[in-house]
Amino acid sequence: MATLEGTTAIVTGSSRGIGADVAQLLAAQGAAVVVNYRQKAPRATKVVAGIEAAGGRAVAVGADLTTPEGPAALVDAAVSSFGGLDLLVLNASGGMETSMGEDYALRLNRDAQVAMLTAAVEVMPAGSRVVFITSHQAHFIEKVETMDAYEPVARSKRAGEDALRALIPQLEEKGISLVVVSGDMIEGTVTATLLDRATPGAIEARRQEAGRLYSVAEFAAEIVRMATADVPTGHTEYVGGAEDFLAKG
2 MATLEGTTAI
12 VTGSSRGIGA
22 DVAQLLAAQG
32 AAVVVNYRQK
42 APRATKVVAG
52 IEAAGGRAVA
62 VGADLTTPEG
72 PAALVDAAVS
82 SFGGLDLLVL
92 NASGGMETSM
102 GEDYALRLNR
112 DAQVAMLTAA
122 VEVMPAGSRV
132 VFITSHQAHF
142 IEKVETMDAY
152 EPVARSKRAG
162 EDALRALIPQ
172 LEEKGISLVV
182 VSGDMIEGTV
192 TATLLDRATP
202 GAIEARRQEA
212 GRLYSVAEFA
222 AEIVRMATAD
232 VPTGHTEYVG
242 GAEDFLAKG
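Going by the working numbering, 209 is the number at position 208 of the sequence shown; the sequence numbering is gapless.
FYI, nobody ran anything at the bench for these hints, they're computed from the structure. Bear in mind the structure is a predicted one, so any value in this text is a computation, not a measurement. Some clues are possibly wrong.
Here are the simulated distance ranges between beta carbons [claimed, not checked]:
#1 Ala222 <-> Pro170: 26 to 32 Å
#2 Glu70 <-> Glu146: 34 to 40 Å
#3 Val191 <-> Ala55: 38 to 44 Å
#4 Leu195 <-> Gly7: 22 to 28 Å
Quick reminder that beta carbons are idealized off the backbone N, C-alpha and C, glycines included.
Please work from the sequences and hints to get the whole structure.
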């Protein structure tokens with residue numbers, strides 16, 4: 002896609018944080034956006050209101066991606082509200098929650114990602130793009146150790162990435178490209194806060210190793226850039242501090 006004018010995007014997990022910033026930036030560039038939330042409707046409504054106040058188009062849709070009906074609800078909203086779907090940003094992730102069950106990380110970070118993509122490609126035309134968001138700690142988990150508290154999440158996200166990459170041949174048949182955006186720890190995110198709580202000093206230690214950590218706004222801008230970047234399907238875009246991971250890997 003050379004431009005976002007006239008396109009429609011779904012951004013999973015976009016009621017706050019990185020997803021919310023991505024949704025707002027996409028809308029500012031002309032895309033109509035489906036803003037996804039699981040429970041926090043007021044947050045998603047606020048994101049939509051901000052987009053509309055700036056002259057953009059958006060709709061908030063509550064959908065739990067780990068349920069059979071969740072992905073379909075988002076695709077249906079894109080088609081009924083805006084006439085189609087051209088961009089899927091797979092931002093939703095988790096697994097550090099203590100109340101969602103032992104297998105929640107794998108259900109959300111692998112199974113739900115595949116289910117969301119499978120539902121989306123049924124309506125995405127040739128030239129569309131899928132962007133999967135991950136972390137360096139997950140992307141390199143098979144070669145570089147991470148913090149104990151994050152390892153289950155990292156392994157489940159890597160499993161999700163592998164499962165999505167396995168679908169590239171099917172995507173190519175439809176003319177749809179897949180791009181992976183891998184980021185370092187991001188300042189101010191829920192995950193970074195939880196990791197620092199579980200391992201005090203973890204964020205500062207990583208900041209020293211990487212030189213600096215990206216903000217939510219900076220990382221979101223890189224994700225949006227990859228929505229139209231001229232890169233081949235399967236490309237991985239490393240954002241911030243990947244040199245030491247690449248060296249270790």
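Consistency of the hints with the structure:
no., hint, verdict
1, Ala222 <-> Pro170: 26 to 32 Å, "holds (31 Å)"
2, Glu70 <-> Glu146: 34 to 40 Å, "holds (38 Å)"
3, Val191 <-> Ala55: 38 to 44 Å, "violated (25 Å)"
4, Leu195 <-> Gly7: 22 to 28 Å, "violated (39 Å)"
Violated hints, listed in ascending order, are 3, 4; each of the other numbered hints is respected by the structure.
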